[in-house]
Amino acid sequence: MPTIAEEWLEQGRLEGLAEGREEGREEGQRKAALTLLRRFLAYRFDIELDHFDDDLQPLDLAAITHLSEAAFEVETLAEFEAMLNQMKAEAEREEEAQSHGTEALC
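Our numbering puts the last residue of the sequence shown at 90; the count rises by one with no breaks.
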């Protein structure tokens, strides 16, 4: 019969595995969405496939999804770039706020 400590360790291990699988699924969805967005932008605006790679890479799935929807609605590449810059600025602000929150905990 396992001890309470062993049960806790097993529970923690199982929770960690479940969390890892969920993070893996989300990252897979993010990569797929990013691939589709890149291909659509290259086709729609006749740009190189990697034109926005550096700008898109740090964005999360929600931001990529939002930009994908915007890519259908904007009329010019400049409009898309403006939306992308706005999303990047928001992501940077969120990251900065999180890092300040983490520093306060230390």
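Hints in this document: simulated from the structure, not taken from any laboratory.
For clarity, every value in this text was computed on a predicted model and none was experimentally measured.
The reader is advised that the hints may include incorrect statements.
Stated by the list, open to error - Computed Cβ-Cβ distance ranges for the label pairs, DEER-style: (1) Glu74 <-> Leu20: 27 to 37 angstroms; (2) Asp37 <-> Ala81: 17 to 27 angstroms; (3) Gly(-4) <-> Gln70: 33 to 43 angstroms.
All residues carry an ideal CB built from backbone N, CA and C; glycine is no exception.
Right, here's what the structure says about each hint:
no.	hint	in the structure
1	Glu74 <-> Leu20: 27 to 37 angstroms	violated (22 angstroms)
2	Asp37 <-> Ala81: 17 to 27 angstroms	holds (26 angstroms)
3	Gly(-4) <-> Gln70: 33 to 43 angstroms	holds (40 angstroms)
Of the hints listed earlier, the one the structure fails to meet is number 1.
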